[in-house]
Amino acid sequence: MVEEDVLDSEAPAEPRPPELGSEGCATRAEGRRIMEESNAFIRETKLREAYGRGWKRLIDVREFSIQRQTLTRVRPGGARGDGLGALFVDPDGHHWLVAYETTSCEPVTVDFFLDAEKDVFPVYPEQQCQQTKTVPVCESMGANGCGRKSPLRRIYVRVPADAKLVPSTTVPVEIPTCYQVEPKGGFIPRP
34 MVEEDVLDSE APAEPRPPEL GSEGCATRAE GRRIMEESNA FIRETKLREA
84 YGRGWKRLID VREFSIQRQT LTRVRPGGAR GDGLGALFVD PDGHHWLVAY
134 ETTSCEPVTV DFFLDAEKDV FPVYPEQQCQ QTKTVPVCES MGANGCGRKS
184 PLRRIYVRVP ADAKLVPSTT VPVEIPTCYQ VEPKGGFIPR P
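Heads up, the sequence shown is in the numbering used here, so the first residue is 34 and it goes up one at a time.
It is worth saying that the hints were derived from the structure and are not from the lab.
It should be emphasised that the depicted structure is a prediction, and the values quoted were computed from it without experimental measurement.
Positions of the beta carbon are idealized from the N, C-alpha and C atoms, including for glycine.
Keep in mind that the hints are not guaranteed to be accurate.
Stated by the list, open to error - Estimated spans, in silico, between C-beta atoms of each pair:
no., residue 1, residue 2, range
1, Thr165, Arg81, 15 to 25 Å
2, Thr203, Ala73, 10 to 20 Å
3, Gly116, Ala44, 32 to 42 Å
4, Ala44, Pro193, 42 to 52 Å
5, Glu215, Ala73, 12 to 22 Å
6, Thr103, Gly57, 51 to 61 Å
7, Val141, Met68, 10 to 20 Å
8, Thr165, Thr103, 43 to 53 Å
Unchecked claim - Straight-line C-alpha distance at most 35 Å; calculated DSBU-like pairs for lysine-lysine:
no., residue 1, residue 2
9, Lys89, Lys151
10, Lys151, Lys197
11, Lys197, Lys89
12, Lys151, Lys217
Construct the entire structure; sequences and hints are all you get.
Here's what the structure looks like:
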């Protein structure tokens, strides 16, 4: 249910500087690499800050849909009783808290933490860039998303029976160099 501090003792690796071609811009793959390495650096730095505050990351995060009938509500939440903050128990006795709702079709990448008071909350990075560099990409890039609004999705986190959802929080993430990837052909929306 809870992840122990498993980060390396070394500081997280900053993204490698972009490699620009003779036209003064990066390839689509290079732009993607910069975004992925930047996101990994930000996330690992955020996790280190959260662990440093004594918080434990909840790792059993799921999206129940049809299987919801296997869950029994033990504490209501949200306007209809099964929304944010609702607590359910499954047939094995595990408790599940509705911790996040979204209409995005993107994978949920939010990290949820538990503190000593049994409060559960999502943690987001508050980025503090020392400098920002633009990385021009020679080609168009695909935009995030799926091109349509998806139905409401509820994300459940396995928690202790006495846990409760509280508002999200941010932690400072100092970033030596932030990269802004800008494709010359723009972002192509999903169909």
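Next on the checklist: Against the range 15 to 25 Å, how does the distance between the Cβ atoms of Thr165 and Arg81 compare: consistent or not?
Outcome noted: For Arg81 against Thr165, whose Cβ atoms are near 22 Å apart, the range 15 to 25 Å holds.
Next on the checklist: Hint check: Lys151 vs Lys217, CA-CA at most 35 Å. Holds or violated?
Outcome noted: 48 Å, violated
Next on the checklist: Check whether the Cα positions of Lys151 and Lys197 lie no farther apart than 35 Å.
Outcome noted: 7 Å, holds
Checklist entry - When you take the CB atoms of Ala44 and Pro193, is the distance between them in 42 to 52 Å? => result 32 Å, violated
Item to check | Range hint 10 to 20 Å (beta carbons of Val141 and Met68) holds or violated | outcome: Since the Cβ atoms of Val141 and Met68 sit about 18 Å apart, the hinted range of 10 to 20 Å holds.
Next on the checklist: For Lys89 and Lys151, compute the direct alpha-carbon distance and say whether it is at most 35 Å.
Outcome noted: 10 Å, holds
Next on the checklist: Verify the CB-CB distance for Glu215 and Ala73 against the hinted window 12 to 22 Å.
Outcome noted: With a Cβ separation near 20 Å, Glu215 and Ala73 satisfy 12 to 22 Å, so the hint holds.
Next on the checklist: Verify the CB-CB distance for Thr103 and Gly57 against the hinted window 51 to 61 Å.
Outcome noted: With a Cβ separation near 56 Å, Thr103 and Gly57 satisfy 51 to 61 Å, so the hint holds.
Item to check | Consistency of beta-carbon spacing, Ala73 to Thr203, with hint 10 to 20 Å | outcome: Cβ of Thr203 to Cβ of Ala73: about 19 Å, so the range 10 to 20 Å holds.
Checklist entry - Can the restraint linking Lys197 and Lys89 be considered satisfied, given a maximum Cα separation of 35 Å? => result Measuring from Cα to Cα gives roughly 14 Å; hence the hint holds.
Item to check | Pairwise beta carbon distance, Gly116 to Ala44, judged against the given window 32 to 42 Å | outcome: About 39 Å separates the Cβ atoms of Gly116 and Ala44, which means 32 to 42 Å holds.
Next on the checklist: Within 43 to 53 Å: is that where the Cβ-Cβ distance between Thr165 and Thr103 falls?
Outcome noted: 48 Å, holds
Taken one by one, the earlier hints fail for this structure at numbers 4 and 12, listed in ascending order.
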